[in-house]
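Enquirer: Sequence:
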Amino acid sequence: ALNSLTRLLLVNGVYFKSQWKHPFDESYTQKEPFYLSDQDWVEVDMMFNMGEFPYVNLKELDAHAVALPYNGDRLSMVIYVPFQINGLSIIVEGLKNSSLSKILQRLKPKPVVYVSLPRFKVESTLFLVEPLKTVSVV
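Quick note, in full-length UniProt numbering, the sequence shown goes up one by one and the last residue is 138.
Derived from the structure by calculation, the hints contain no laboratory data. Think of the CB as a built atom: it goes at the ideal place given N, C-alpha and C, for glycine as much as any other residue. Be aware that one or more of the hints could be misleading.
[As the list claims (entries may be wrong)] Okay, the calculated beta carbon distance ranges per label pair:
{"id": "1", "residue 1": "Phe120", "residue 2": "Asn71", "range": "26 to 32 Å"}
{"id": "2", "residue 1": "Asn86", "residue 2": "Glu43", "range": "15 to 21 Å"}
{"id": "3", "residue 1": "Lys21", "residue 2": "Glu43", "range": "42 to 48 Å"}
{"id": "4", "residue 1": "Lys17", "residue 2": "Ser89", "range": "28 to 34 Å"}
{"id": "5", "residue 1": "Lys59", "residue 2": "Ser27", "range": "42 to 48 Å"}
{"id": "6", "residue 1": "Pro33", "residue 2": "Val11", "range": "40 to 46 Å"}
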């Protein structure tokens, strides 16, 4: 409760909702296997798109990356895709030792990129009491 002893009131909300610059055509969405490991997979609704997208082959991460721009071209989602089914750990370890900004600078438009992604939704809630306690704010 707010009272005369209140020293800090922190309110923050981040909201982002935008459309893809190149939307996925829902009529192409179909059930496909999504591999969790060499032997484990789940069936998901897979979205498909094709077009000119910023792309880079990241041999050092045994992967490639594609940037999917949102309307307005100010923001993009960068997707890293391993060359191997079990390659996610290689990407994670490689990114620990890489400069993300240098990787992003290497993204160049490629005329024909085929993109397939599982349908997804991103939501996040952060509880900041403990981190704020560690810096003596709370």
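Enquirer: Are the hints correct? Go through all of them and say.
Expert: Cross-check of the supplied hints:
1. Phe120 / Asn71: 26 to 32 Å: violated, 18 Å
2. Asn86 / Glu43: 15 to 21 Å: holds, 19 Å
3. Lys21 / Glu43: 42 to 48 Å: 29 Å Cβ-Cβ, so the 42 to 48 Å window is violated.
4. Lys17 / Ser89: 28 to 34 Å: holds, 32 Å
5. Lys59 / Ser27: 42 to 48 Å: The hinted range 42 to 48 Å is violated for lysine 59 and serine 27, with Cβ atoms some 35 Å apart.
6. Pro33 / Val11: 40 to 46 Å: With a Cβ separation near 44 Å, proline 33 and valine 11 satisfy 40 to 46 Å, so the hint holds.
When each numbered hint is compared with the structure, violations occur for hints 1, 3 and 5.
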